[in-house]
Amino acid sequence: MLEINNLKSRIGDSEILRGVSLSVKTGEVHAIMGPNGSGKSTLAQVVAGHEDYEVSGGSVTYDGKDLLELEPEERAREGIFLGFQYPVEIPGVNNAYLLKAAVNAKRKHQGLGEVDAFEFLKLAREKMAMLGMDPKFLNRGVNEGFSGGEKKRNEILQMAMLEPRLAILDETDSGLDIDALKAVAEGVNTLRSPDRAIVLVTHYQRLLDYIQPDFVHVLSEGRIVRSGDKSLALELEEKGYDWLREAATA
Amino acid sequence: MKQASLSIEGLRSVVEALPPDNLTPAREAALAHLGEHGIPTLRDEDWKYTDLSPVVDISNRWLTAGGGRQSPDTLLARIDEITGSIDANWLVVANGVVLDPTFPADGGNGVQVAKFSDAPAPLVFERPLADFNAALLQDGLRVRISGTVGKPVGILLIDQSDGDASVSQAWAEIDVDANSAVELIEYHVSQGNADHYANSVLTLNVGANADVRHVRIQNRSTRHVQTGRTSVSLGRDSRLDMASYDLGGGLIRNDIDVDLSQPGADITFNGLYLAGEGQHIDNHTRVDHRVGPATSAQEYRGILNGNCRCVWNGKAIVHEGADGTDARQANHNLLLSEKAEIDAKPELEIYADDVKCAHGTTVGQLDERSLFYLRTRGLDKRHARQVLTHAFAADLVSRAPVDAARSTVSAIVDARLADLIEAEFAEELVS
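Protein sequences, first through last, are from chains A and B. Per the working numbering, the first sequence starts with residue 1, numbered consecutively. Per the working numbering, the second sequence starts with residue 1001, numbered consecutively.
Careful, some of the hints might be misleading.
Said to hold, decoys possible - Calculated from the model, a selection of chain B residues having no Cβ within reach of chain A, i.e. all distances over 10 Å:
hint : residue
1    : A1004
2    : S1117
3    : R1236
4    : G1324
5    : E1347
6    : D1354
7    : S1370
8    : R1375
9    : G1378
10   : A1384
11   : A1391
12   : A1394
As the list claims (entries may be wrong) - Calculated pairs, DSS-like style, for lysine-lysine (alpha carbon to alpha carbon, straight line, at most 27 Å):
hint : chain 1 : residue 1 : chain 2 : residue 2
13   : A       : K25       : A       : K8
14   : A       : K65       : B       : K1381
15   : A       : K122      : A       : K151
16   : A       : K127      : A       : K108
17   : B       : K1381     : A       : K108
18   : B       : K1345     : B       : K1315
19   : A       : K65       : A       : K127
20   : A       : K230      : A       : K182
21   : A       : K136      : A       : K100
22   : A       : K100      : B       : K1381
23   : B       : K1345     : B       : K1381
24   : A       : K151      : B       : K1381
These are computed hints drawn from the structure, not numbers from a lab. Idealized CB from N, CA, C, for every residue including glycine.
Please model the entire structure based on the sequences and the hints provided.
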């Protein structure tokens, strides 16, 4: 579904991705781990289409299409979802409005009519209950004054409403207490399906106790230096990242 | 750059040709004042951002042609449409002619209405452009509010200008008795293909312990020029909640003067201005805190696109002895184009000791992070910009203090913003 081949990307003069290759198939859950500054978030942002990152080499295809040719909104409508590490606060834009606009943008792209207002609210309330969110968050400004945990739940709510085919969750576990982490993980687990791929970008192994990945990759200095199954995450937890860096340069 | 002068001789002959009535002495005194002080120029500190050449030019052309007035008859359908869309008791000044009230304004409902032509009273015209207004004034409105008035009172100031350049004046004085409560709507509109200059003066005196809410909507043709002066005084423990929406007009200059001479007075006055290609919107506000405790708070927001210029100049003067003053002012601007210009200037003069004063101004573009976030949710660039721009204005629309006017304000703001954003995309395609 997602084929990343020797991807290189820079912001300004600094090269952040130096040849990343990754293959993600439908139904799989991948975890991308790595120390701070290794390029994990950059990879997520490039796949989502952030214009600040210049792609200087390599290719990314999604369902056989050249993903790099698409605008961020086209990628979203094609079923790619990025859960932000730092979701933006947008005062004055109602959370329900954004959810509905997002769902309708995708439906329109699929040639479907606009969502029924009643059905939409019913569905949103159900998903919110699952995530332990108060329905009053629907009428608040997008992420406005939300705590760290509320923002992350809100990202998962958007994902649940949009039902993406490929979800990339960037540091979704950062800044969460254990209850929020469990709620978020449960939200993600409910969305695991043979039709959907999930890529978890994370610094710590902790999230992977709750969401079991099929594959774990370690990104270091802009390259994937090791891939394995979930036992790799445990090994990293035990030995830290320095061990891999030494192995990579040796 | 030297501004052409207003033809005082031309004005004198037009003023002298008006039929004598009980406003004749006021007109003559105002003409003498104007002859001495003239129209403000860019050399005057309070007018340095706004070139009044179009006012002089339109007025001189109109005076040369004899200074006639179009009949308000062509406006009747539009008047019906506007007054029918907002539930209020409407008073109408059309092409400067004060129409008879269509609601029973006999005092039974707490609203008394008199025309200047019936009931003369002294006019305070010794201020820039108010003298020009008074020199030509043939009639005006005097409204008195007593008790709690249920239905909002609206004043519609409407002009039509076809064929030749024209000038109109409107003057309204509103007195709200002590312990009264009322909602006011002031609505400025114009239409027609010829140049027009509308000059308005509104005086609002709020009695002790009274509660007034006021919405002002300016949606004139972008061909037209308007200057307006609003003078407000607040009685002891009274409250005024006011919001001003400048959504149209070519050259617009608003002056709001607030006099706080009684303790316990509390005024909030906010403003929103939307400016596109060729527009110039200048808001000058001045609050005189003469005694304390009293509170004034203002927040103006602007959205600018294309080659346009806006001005916000907020002056607060805390006079000696006005301890317990709380004065706040804020001005935030969104510039959607590199060609748009804003001059934002807070001015505080404090001569008392125990005061709280705060001011802040910001000028910025749409937040790139927010735009990207919305796009990753499937909203296209245009929709994302629309949503963010709208959010910036929506907050001030939702705070419109008169419920009956809010949906109208909201509809005009939505339409105007859609135009502004279309213009922005047109620009992007060309460049």
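Tested hints:
| no. | hint | verdict |
| --- | --- | --- |
| 1 | A1004 | 44 Å, holds |
| 2 | S1117 | 47 Å, holds |
| 3 | R1236 | 36 Å, holds |
| 4 | G1324 | 32 Å, holds |
| 5 | E1347 | 28 Å, holds |
| 6 | D1354 | 33 Å, holds |
| 7 | S1370 | 5 Å, violated |
| 8 | R1375 | 4 Å, violated |
| 9 | G1378 | 4 Å, violated |
| 10 | A1384 | 8 Å, violated |
| 11 | A1391 | 3 Å, violated |
| 12 | A1394 | 5 Å, violated |
| 13 | K25(A) with K8(A) | 21 Å, holds |
| 14 | K65(A) with K1381(B) | 22 Å, holds |
| 15 | K122(A) with K151(A) | 21 Å, holds |
| 16 | K127(A) with K108(A) | 22 Å, holds |
| 17 | K1381(B) with K108(A) | 16 Å, holds |
| 18 | K1345(B) with K1315(B) | 8 Å, holds |
| 19 | K65(A) with K127(A) | 31 Å, violated |
| 20 | K230(A) with K182(A) | 19 Å, holds |
| 21 | K136(A) with K100(A) | 16 Å, holds |
| 22 | K100(A) with K1381(B) | 17 Å, holds |
| 23 | K1345(B) with K1381(B) | 33 Å, violated |
| 24 | K151(A) with K1381(B) | 23 Å, holds |
Against the hints set out earlier in the document, violations occur for numbers 7, 8, 9, 10, 11, 12, 19, 23.
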